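Colleague: Go by the hints and put chain X onto chain R.
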Amino acid sequence: MAKIPVVFIHNGSERASFADPGQNLLEFLRRGVGDLSPKYGCGQGTCGACTVLIDGETHLACLTLAESVAGRRVDTAAGLATGATLHALQEAFMGCFAAQCGYCTPGMLISAKALLDRNSAPSREDVVEAISGNVCRCTGYEPIIEAVLTAARGRARS
Amino acid sequence: MIQSVETYATMAEAQRAMGAAAIFMAGGTLVMRDVNAGVTATRIVRSSDPALADIRLTGDGVTIGAGVTMAAITTHRDVTFLAPVARAVGGPQVRNMATVGGNLFAPHPYGDFAVALLSLGARVNLAGQGGAARPLADVLRDRSRAALVTSVQVPRPQAPDDFAFLKVSRIRPKGVSVLSIAAHLPRQGGRIRGARVAFGAMGPMPLQAVAVERVLEGQALDAARIARAAQVAVEGLDPPTDALASGWYRREVAGVHLRRLLERMASG
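Taken in order, these protein sequences are the chains called R and X.
Just so you know, we're using numbering that gives the first Met the number 0 here: the first sequence kicks off at 0 and counts up by one.
Just so you know, we're using numbering that gives the first Met the number 0 here: the second sequence kicks off at 0 and counts up by one.
No lab work stands behind these hints: they were computed from the structure.
Note that the coordinates shown come from a computational prediction; the quantities given were computed from them, not determined experimentally.
This list has only true hints and no planted wrong ones.
Computed footprint of chain X on chain R, listed as stretches where at least three residues anywhere in the stretch have a Cβ under 8 Å from a Cβ of chain X: (1) 37 to 47; (2) 131 to 143.
Beyond 12 Å from chain X on every Cβ pair, some chain R residues (computed): (3) G11; (4) G78; (5) L79; (6) L85; (7) G94; (8) C95; (9) G153; (10) A155.
Stretches of chain X that chain R covers, calculated by requiring three or more beta carbons in the stretch to come under 8 Å of a beta carbon on chain R: (11) 1 to 15; (12) 32 to 44; (13) 86 to 97.
Quick reminder that beta carbons are idealized off the backbone N, C-alpha and C, glycines included.
Okay, chain R solo, but in the shape it has when bound (with noise of 0.2 Å):
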């Protein structure tokens, strides 16, 4: 089977890689490209634990088509943080506690990164109809609430 050659803008750098016939975006991400910040969860789109952004709006890599994202621009949690200094979300996911198992801390930083991306300031239920696609297995919704409502205060001051 011949591979199939991807560029793409991942994290705000140019990368190639080679996708196999039908192999998804997470897979090709966490083996192809070395990025492990989204996770497998359910191989479904039930969980979210896979999310990405694909210029800029929330996708699930693993309903993705590795090679749809040739000339597009991909956003994971890696690429989150600018050096040693953490995104205002996971400074917020630290101070509030909002990871447990941590499992779905990267997905849920992306769907709340949409999120602060065209929302500068939202409600809670916008907060929660933002991460309505992410499941977090240890339950633990409300610290992650807060800590997406932290973070975007915390904008508006900065």
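Modeller: For chain X alone, kept in the frame of chain R given last:
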């Protein structure tokens, strides 16, 4: 095991490339599940036709490209009557991916958007079959053999209150349907003319509630009529049992939810 992914510039070409070993992929939310599980065809066929993402006003209706996403429906000014339906589909990520065309092929208990289209009397344009669009009900009846969908033609409700949609799920805001109901009840001089009511998750595919339509047709939407409609809600339906609800439960509650929806429409 997928051996090839083929992308065609037009839907007509994609249609010609289909065959027993091929499956057409749009947003991927249905097909990639099967690809990941290793239970699908060996060829994936796609189309990059930009017309698939079009939403166009046409006379007293709107033509929606099969590749239009649920997220696009929630924000487009020409389809505001469908925005609440699209918002009820999946979570934000799924809405960014899932398409109008794909929803027509979503297996039970999915396909809430198709339920709304069915109640509106939508017609379906198929690739390589120039000419008349087919009634959605016909396409839904034999989904496995349908040609590729290029767009759907949706009559727009004359008044906003003529159309309403309700989804019942166990988890909010994102949950799979226990059942969904869509009703299009155009009224002339206080009487319903051309009643169409459809159920989702109450059968193997979105289904018209023919008995309910018969009870409502030509009548005023008053308390007595709504009670009568609720009584016949599940006539002719044999709802399935799954992890979300038993067929018995669906039968028991369908009339209750239909009554609530009709009361909402009656009070405007």
